[in-house]
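Enquirer: What follows is each chain in one-letter form.
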Amino acid sequence: MPRRKSPRKIVAPPVFKGYKPFGSSKVCDGEVELLYEEYEAIKLADYDLMPHHEACHLMGISRATFARIYESARRKIASAFVEAKTIKTVYGNVYFDENWFRCNDCENAFTIPNPRIKRICPVCRSQSIQLMNSTGSTNNK
Amino acid sequence: MKTIITANGSDVNATLDPRFGRCEFFCILDEETGETEFIENKAKLQSSAAGTTAAETVIEQGVKKVISGDFGPKAKSLLDRFGIQMVILKDEGQIIANVINSITGK
Ligand SMILES: [Zn+2]
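In the order they appear, the protein sequences are chains A and B.
Using our numbering, the first residue of the first sequence is number 1, and each one after it goes up by one.
Using our numbering, the first residue of the second sequence is number 1, and each one after it goes up by one.
Hints in this document: simulated from the structure, not taken from any laboratory.
Treat each hint with caution, since some may be false.
To be verified - Here are a few chain B residues that face chain A, going by a calculated C-beta distance under 10 angstroms: (1) Lys65; (2) Ile88; (3) Ser102.
Claimed, not checked - Under the rule of at most 20 angstroms between Cα atoms (straight-line distance), these lysine-lysine pairs were calculated in the PhoX-like manner: (4) A:Lys20 x A:Lys43; (5) A:Lys17 x A:Lys43; (6) A:Lys76 x B:Lys44; (7) B:Lys2 x A:Lys118; (8) A:Lys76 x A:Lys88; (9) A:Lys85 x A:Lys26; (10) B:Lys74 x A:Lys76; (11) B:Lys74 x A:Lys17; (12) A:Lys118 x A:Lys88; (13) B:Lys2 x B:Lys64; (14) A:Lys20 x A:Lys76; (15) A:Lys76 x A:Lys17; (16) B:Lys74 x B:Lys64; (17) A:Lys20 x A:Lys85; (18) B:Lys74 x B:Lys42; (19) A:Lys88 x B:Lys42; (20) B:Lys44 x B:Lys74; (21) A:Lys118 x B:Lys64.
As the list claims (entries may be wrong) - Ranges between beta-carbon positions, derived for each pair: (22) B:Lys2 x A:Arg63: 29 to 37 angstroms; (23) A:Asn104 x B:Ala97: 22 to 30 angstroms; (24) B:Ala49 x A:Glu71: 13 to 21 angstroms.
Just so it is clear, CB atoms sit at the ideal spot from N, CA and C, and this is done for glycine as well.
My request is simple: use the sequences and hints to build the entire structure.
Expert: Structure representation (structure tokens):
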């Protein structure tokens with residue numbers, strides 16, 4: 001069975017827009033942008049204490065991708081802590097975006113950024129493609 | 001039509017590099033002739049905004065499609081604005097030669 005990957009599912013988005021340090025002896029400058037999937041990786045691994053192989057499965061991504069996202073999240077948070085930076089959460093790259101399609105045959109994901117591009121899968125040329133955020137299929141007639 | 005594939009190395013035996021902004025090389029493929037050219041990604045060592053710089057390189061090269069394993073939000077919005085199609089391959093360990101074969105239909 002092929003492994004399901006992308007879109008990254010965020011189980012629940014963070015309940016805050018960001019974090020600000022207070023009482024810093026230096027002027028707080030700069031911010032780090034934490035992606036939603038980075039927040040999710042931290043939450044699953046360090047808050048829910050879920051083993052990584054389960055967390056990546058839940059997010060619908062490979063273990064390598066999970067490890068990369070998780071590492072990136074930890075570095076950003078560490079840098080914000082140490083350097084008294086603001087943490088800002090921003091949209092991650094697939095799930096919240098409306099313009100990603102997925103091929104029903106090869107399961108790769110892609111965008112169709114302008115109307116001149118044929119509405120077919122750019123990898124296998126299948127016409128059976130679907131917007132990721134919709135449940136209905138948008139098969140080409 | 002030109003397409004960029006993010007690669008771990010500088011020939012078609014390299015594997016797909018899943019990080020768009022910090023990939024090692026860009027493989028520029030001419031889909032009609034099948035010719036490839038590899039250029040180094042200068043953005044890979046940048047401490048920030050690697051995605052933006054990488055997207056600018058893509059735009060400068062005049063390609064219409066970019067194939068990778070991951071795109072950050074800044075790279076995505078820039079590539080969207082320039083009408084460049086993004087493709088995320090689910091199998092990250094693929095060899096560039098195989099990626100080329102599947103997209104050119106060989
Ligand atoms: Zn397909």
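Enquirer: Next, verify each hint and record whether it holds.
Expert: These are the hints, each one checked on the structure:
{"no.": "1", "hint": "Lys65", "result": "holds (6 angstroms)"}
{"no.": "2", "hint": "Ile88", "result": "holds (4 angstroms)"}
{"no.": "3", "hint": "Ser102", "result": "holds (6 angstroms)"}
{"no.": "4", "hint": "A:Lys20 x A:Lys43", "result": "holds (19 angstroms)"}
{"no.": "5", "hint": "A:Lys17 x A:Lys43", "result": "holds (15 angstroms)"}
{"no.": "6", "hint": "A:Lys76 x B:Lys44", "result": "holds (17 angstroms)"}
{"no.": "7", "hint": "B:Lys2 x A:Lys118", "result": "holds (16 angstroms)"}
{"no.": "8", "hint": "A:Lys76 x A:Lys88", "result": "holds (10 angstroms)"}
{"no.": "9", "hint": "A:Lys85 x A:Lys26", "result": "holds (11 angstroms)"}
{"no.": "10", "hint": "B:Lys74 x A:Lys76", "result": "holds (17 angstroms)"}
{"no.": "11", "hint": "B:Lys74 x A:Lys17", "result": "holds (18 angstroms)"}
{"no.": "12", "hint": "A:Lys118 x A:Lys88", "result": "violated (37 angstroms)"}
{"no.": "13", "hint": "B:Lys2 x B:Lys64", "result": "holds (6 angstroms)"}
{"no.": "14", "hint": "A:Lys20 x A:Lys76", "result": "holds (14 angstroms)"}
{"no.": "15", "hint": "A:Lys76 x A:Lys17", "result": "holds (16 angstroms)"}
{"no.": "16", "hint": "B:Lys74 x B:Lys64", "result": "holds (18 angstroms)"}
{"no.": "17", "hint": "A:Lys20 x A:Lys85", "result": "holds (7 angstroms)"}
{"no.": "18", "hint": "B:Lys74 x B:Lys42", "result": "holds (17 angstroms)"}
{"no.": "19", "hint": "A:Lys88 x B:Lys42", "result": "violated (27 angstroms)"}
{"no.": "20", "hint": "B:Lys44 x B:Lys74", "result": "holds (15 angstroms)"}
{"no.": "21", "hint": "A:Lys118 x B:Lys64", "result": "holds (13 angstroms)"}
{"no.": "22", "hint": "B:Lys2 x A:Arg63: 29 to 37 angstroms", "result": "holds (33 angstroms)"}
{"no.": "23", "hint": "A:Asn104 x B:Ala97: 22 to 30 angstroms", "result": "holds (26 angstroms)"}
{"no.": "24", "hint": "B:Ala49 x A:Glu71: 13 to 21 angstroms", "result": "holds (19 angstroms)"}
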